[in-house]
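Number of protein chains: 2
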Amino acid sequence: MLDESYIEELVKKKFPLKSTIFPTGIGDDAAVFKIKSDKIVFSCDSQVEGIHFDLKYLTPEQLAFRALSVALSDLCAMGAKPKFFSNSLFLPKRTSKAFINKLFNGFKNGCNYYSVDLVGGNVSMSESLMLDIGVFGEVLNDRFKERKASRVGDLIYVTGKIGDGSLGLDLLRKKKRFTFKEKLIISKYKSPRARVKLGLFLGQLKFLTSMIDITDGLSLDLRRLLGPISSGRGATLIWEDIPKTDCISSPVSTSKLMKSVLSGGDDYELLFTIKKTRAKHFEDLCKKNNFKVFRIGFVDSTANLSLIRGGRAISLKSQGFVHRF
Amino acid sequence: MLDESYIEELVKKKFPLKSTIFPTGIGDDAAVFKIKSDKIVFSCDSQVEGIHFDLKYLTPEQLAFRALSVALSDLCAMGAKPKFFSNSLFLPKRTSKAFINKLFNGFKNGCNYYSVDLVGGNVSMSESLMLDIGVFGEVLNDRFKERKASRVGDLIYVTGKIGDGSLGLDLLRKKKRFTFKEKLIISKYKSPRARVKLGLFLGQLKFLTSMIDITDGLSLDLRRLLGPISSGRGATLIWEDIPKTDCISSPVSTSKLMKSVLSGGDDYELLFTIKKTRAKHFEDLCKKNNFKVFRIGFVDSTANLSLIRGGRAISLKSQGFVHRF
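Protein sequences, first through last, are from chains Y and E. Heads up: the first sequence begins at 1092 in this note's numbering, then just goes up one per residue. Heads up: the second sequence begins at 1092 in this note's numbering, then just goes up one per residue.
Read the hints as simulated data drawn from the structure, not as lab findings. Check each hint, because a few of them may be wrong.
No copy labels: a pair is met if it fits in one copy or bridges any two.
Said to hold, decoys possible - SDA-like cross-link-like pairs, simulated, lysine to any residue; straight-line CA separation at most 25 Å: (1) K1184 with M1216; (2) K1266 with E1152; (3) K1267 with R1185; (4) K1184 with D1145; (5) K1125 with K1288; (6) K1272 with L1262; (7) K1272 with H1372; (8) K1104 with K1147; (9) K1335 with N1380; (10) K1184 with S1215; (11) K1193 with F1106; (12) K1350 with M1216; (13) K1347 with A1404; (14) K1184 with L1146; (15) K1199 with F1416; (16) K1127 with L1231; (17) K1297 with F1124.
Could you build all of it, start to finish, from the sequences and the hints given here?
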């Protein structure tokens, strides 16, 4: 039978202590570790079965890797360098050792992929499966990026296709067999990648005025990026400029595609603003460094969001995933 | 209706940004903060409804304060100075604003009592109520205390009465009206206090060889402190020397008292070992500083635990609360 000591032993074996980093290992009351920068960047993010994920669609390995990616995405949105993570596990009765092994294989894959180390965790019983991931990073050259510091006139960019995450989940819910192109979209849902390198690059740019990651939906996260309506800042997006999927074989209705792109969430792309006068320089710099970025609109003084589609402006509601109780 | 933005606003109002500490406030993707020491001490600890607590016995204020205390106790066991905490909340449907207000009043009380700051959090829906608390501390003079570094002959100490936590919970489960003395015991369960000052003091002592906090039961945590049986280290405890409750008015059976003291858990007292040759010096130092400590036994080479009671040695099983799935 699984008990917490099994997990502790597994962690010690799979995530060996790196004596150069940690004065103490896993398995004590608390972890002791160093971060070179004097500024620590911390975030925590949870995945709850039935709310954020369904084990019908994700293997335990994918779940763990995905939970880590989603949490790390918040560090990327600050322009920080991920270093460590912790995992608090809430496990239902009859969780098996096989399941735990797979889950920790996923965490191990995440450690390797993102070059981060597991520094702590906790195990509790609960009614359903939940993961709470804490992530720690450092800032380089004392620079990091916040939300809400954009100015009217700044240009708005994203780092990749928007909408694929929620389209992928939709496909999983509706079908059992998928075309090659559909599988690509599904993999964006199952295995999002936190934009570590791009985040670090963007975090160092003085003319980047604000940044966030798209978690809950483009329009909702754009509102969060701009700050409250009382800030006076609004934004106009150009529908045709937003990078979207081009690989749905079965036709998706326009309204469905718009919903996925504008409020679908689960994208984990970065959304940020650049001073207009530096846009050309910025885009050249990205090209030189082989980073793909997409200009999708601009900050305006309307306090509201609008979308220009086919040359016509329509009002855009700030919508997406919000926990309501 | 409660939604996550209500909680974000509440947190911003109640836990205002201290610009001297944080370059950025709560409400961004991640928190950025400084810790003076170059060593960060981190731990996370969860409280799950139905497993760790029952809202029949705790108000939301008590629950939050208690969850923070329990998590901070792990930092105390390292001899670290608590600085910051984060709270990941898992809330069931129909959680009310009134409940959330009370919960955050409890966290606020904890901030004031422990001089710590809230630096982040997360809100998710879930089937039952759960709190996952992350705590951050720093070590002074580069010194901190681990488990498993005791030597045969070291003396074993605790910082306060053992068993009251679980006796208090028992009383709550069995009765509705309590004597004054019973209320004192119950308050040890409801409102444990992390041993911050004592932990810091003990953490600086070179002749203190190992330390842990008693969470899951004296005998179980003693085993954890000593390390595995393969270490060869065992311990002998003197029953009469263990500080125990003296304020149960209704008589408690000896077997019941023994169970509470030896495997009850929920004590959050520190359990540590001191080099025998420094014991006199140590006890004098504690007296001088007005710290109460109690010598309860010694580390031996039997690999097992024993208890001397009424002059007779009996074998002591390492027992306590373990999550089993």
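State whether the alpha carbon distance between K1184 and D1145 is at most 25 Å within one copy, between copies, both, or neither.
both (17 Å within a copy, 19 Å between copies)
Are the CA atoms of K1335 and N1380 at most 25 Å apart within a copy, between copies, both, or neither?
within (23 Å within a copy, 67 Å between copies)
Indicate which option fits the pair K1193, F1106 if close means a Cα-Cα distance not exceeding 25 Å: within, between, both or neither.
within (14 Å within a copy, 39 Å between copies)
State whether the alpha carbon distance between K1266 and E1152 is at most 25 Å within one copy, between copies, both, or neither.
within (22 Å within a copy, 47 Å between copies)
Using 25 Å as the alpha carbon limit, work out where K1127 and L1231 are close: within a copy, between copies, both or neither.
both (9 Å within a copy, 17 Å between copies)
Using 25 Å as the alpha carbon limit, work out where K1104 and K1147 are close: within a copy, between copies, both or neither.
Answer is neither; intra-copy 29 Å and inter-copy 41 Å both fail.
Between K1184 and M1216, at a C-alpha cutoff of 25 Å, which is it: within one copy, between copies, both, or neither?
both (7 Å within a copy, 20 Å between copies)
With identical chains treated as interchangeable, where does the CA-CA distance between K1272 and H1372 reach 25 Å or less: within a copy, between copies, both, or neither?
neither (35 Å within a copy, 74 Å between copies)
How would you classify K1347 and A1404 at a CA-CA limit of 25 Å: within, between, both, or neither?
Answer is within; shortest intra-copy Cα gap is 19 Å, inter-copy 75 Å.
Using 25 Å as the alpha-carbon threshold, which applies to K1272 and L1262: within, between, both, or neither?
Cα proximity of K1272 and L1262: one copy only (11 Å, versus 63 Å across).
State whether the alpha carbon distance between K1267 and R1185 is at most 25 Å within one copy, between copies, both, or neither.
Close neither inside one copy (28 Å) nor across copies (35 Å); limit 25 Å.
Indicate which option fits the pair K1199, F1416 if close means a Cα-Cα distance not exceeding 25 Å: within, between, both or neither.
between (34 Å within a copy, 23 Å between copies)
Hint violations for this structure: numbers 3, 7, 8, all remaining hints satisfied.
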